[in-house]
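Novice: The listed protein sequences correspond, in order, to chains A and B. Heads up: the first sequence at position 371 corresponds to 370 in numbering that gives the first Met the number 0, and the numbers run straight through without jumps. Heads up: the second sequence at position 129 corresponds to 128 in numbering that gives the first Met the number 0, and the numbers run straight through without jumps.
For the record, the hints were derived by calculation from the structure and aren't laboratory data. Just so you know, nobody snuck in bad clues.
Beta-carbon label-pair distances, calculated as ranges: (1) A/PHE207 with B/ASP6: 54 to 62 Å; (2) B/GLN139 with A/PHE361: 24 to 32 Å; (3) A/PRO186 with B/ASP66: 23 to 31 Å; (4) A/ALA51 with B/GLN139: 46 to 54 Å; (5) A/ARG13 with B/SER110: 15 to 23 Å; (6) B/LEU109 with A/ASP82: 34 to 42 Å; (7) B/GLY15 with A/MET224: 43 to 51 Å; (8) B/LEU109 with A/ALA51: 30 to 38 Å; (9) B/THR138 with A/PRO65: 56 to 64 Å; (10) B/SER28 with A/GLU272: 23 to 31 Å; (11) A/ARG13 with B/SER85: 30 to 38 Å; (12) A/GLU272 with B/VAL256: 39 to 47 Å.
Quick reminder that beta carbons are idealized off the backbone N, C-alpha and C, glycines included.
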Amino acid sequence: MRQGSVSGAARRQRDRRILIIALAVMCTAAVAWALTAGTSGIGAGLVLRVVASRVPVLSALLPPLPQHVEAWEVESAEVIVLDVRLPRVVLGLLVGAGLAAVGAAFQGLFRNPLADPYIIGSSSGAALGATIGILLAGAAGGAVAGTTARSASLAAPTWAVPVFAFAGSVVTMAFVYALATADGKLPTDTFLLAGVVVGAFVWAAVSFLMVIAGDDLPRVVMWLMGSLSAKGWSHVRITAPYVLLGVPALAAMGRDLNLIAVGEEPARFMGLEAERFKRCIIVLGSLVTAAVVASSGLIGFVGLAIPHIARMIVGPDHRVLVPVSAVGGAAFMVVADTLARTLVPPREIPVGIITAMAGAPFFFYLLRAGRGRR
Amino acid sequence: MEVEIQDVVFSYSAAGGDVLKGVSLQARSGRFLGIVGPNGSGKSTLLKVAGGVAVPRSGHVLYGGTDIARMRRRELARIVAAVGASESIVFPFTIEQVVLMGRAPYAGPLSGDSKQDLATARECMELTGVWHLADRRVTQLSSGEFQRVLLARALAQRPKVLLLDEPTAHLDVNFQLETMELAVSLAHDRGLTIIAVLHDLNLAGKHCDEVVMLADGRVAAAGAPEEVLTEDNLLEVYGVKTIIGKRPDADRPAVFVVSGVAAAATAAAACETVAAETADDGARAHEGSWCRHDD
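Just chain A, same shape as in the assembly (with noise of 0.2 Å):
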């Protein structure tokens, strides 16, 4: 019931400063957990002084380094944590977050509570790149195979997968929504259709490869399963621009996100140019999509259970739910991915595991809550 005359619009952006801060603490803890967790024994405080040492004013009030500390175990930790584990965790953050802010846009532009950043095909393609990179990779690297070790590794430089995997998952979309393009407009239904279709094509082409793929068909099978292991800040260079610019990009659109998510027709009447909207959400949702998957691999559940979550508990404001979701999935991956290095050592197990394993049973159990409260 309402109290008085406080409307309830007033109330949640009150309610909405408490969840900035409370989001806020919860990435910063996730990122000094994932910074500090590992087998190497770094301690917490080397951990800081560490990465303060890189921050311009934070390096000049650092205090000097106490006698116990040798300036190897100094050096070590700085490559550990700068050129190991930060640029991990800053790959996790943008994974996270632009996974989960364009499944929450493309759950409201499709009104489908079960659409997913890859529901319009941009997984299919982006692992059919990456296989033929891969196989690519592989065939190069047998060709100078009995030279020396060195020129292997030239032949499969870290940037030939995400690159083929990213041009992969663009093509593919670019197909996809040429083939549902009819009279110079994009009906959502046919867009949909056209995704699951091409995407089962594609994704055949992908298992057709696997099969011929001999000694490459473990890697393929991993960067299948989605992993940030050893991911550096060549990954994060492709990542970071589409992410760093989509994803706010899609929040400064929630107002249109919410009028399309009430209807099409309806969201015209309201003054919305729903067509080129429509295109607007799905390029920019794709590039997103195509640049994370480029160089994580397919992790799954993020982009669907994520926003869904965040739904649960802040509504469907899309000027809410997709900052919200962004800043939940980036903390989510960077837990996941640091249990994902730590639960088992020395091995790793695939992120993608991780987040569906620890995820899907929190996400039930919001359902059960959720429906004993409406």
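Chain A is fixed; fit chain B onto it per the hints.
Specialist: For chain B alone, kept in the frame of chain A given last:
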């Protein structure tokens, strides 16, 4: 604001037939125009064309003399708002959030809901009697409540023209009356131009200032309710026999449906003739009566 529809032809696809085959009509400020006609006669389509969400193949829609084809959607949404007949909302927005969506054509790209937006939304919710539901989820409403939420949202657009597609479809008699009286007062007291598709001919007869009757994508009759809702027109357009009386409470036409489809009545008459002619032949007479039942 005056709405003028000039010789509009519309089809949903190039291959399909024309749904509107040259419709012209005028709706004036402060008047409540009802559109009636059988299923499939093009009523809802005409409403979409009038609101600019369906683009006619030929013909024009003018608002105050300006062709809406030359207006931007956002601009148009400050002039015309609509309550559709088939809207459903999947996500659990609150009622207040739904009504605030009507403020979209006035909002800046990144701005939140202003105090004025909140005040307008509240006023519109009070007007349609849903303010007490403001914090409820839209997915939990009865269809009658939902209809009134959509009306509040349309009013939040502060339109000069309001398009209603069967505004009373899911409402009980009490809310039917309230909704129609609200629509009439919006027209008469606030000067809105109201165009409403109505199925209930008696509601149209009682509340509308003018009525347009569509048949198969064309205007079959237009004018005051008593000029349009006539026994001849209803027989020709709907194929039903009716008696038009006068409402006891107002100088307005009342429609009483007498018998079903006129074509069937004719066929039944023919069967009777056959049966009479072959009265001696029992088998044929039996066939005749079968014929009548089937039609």
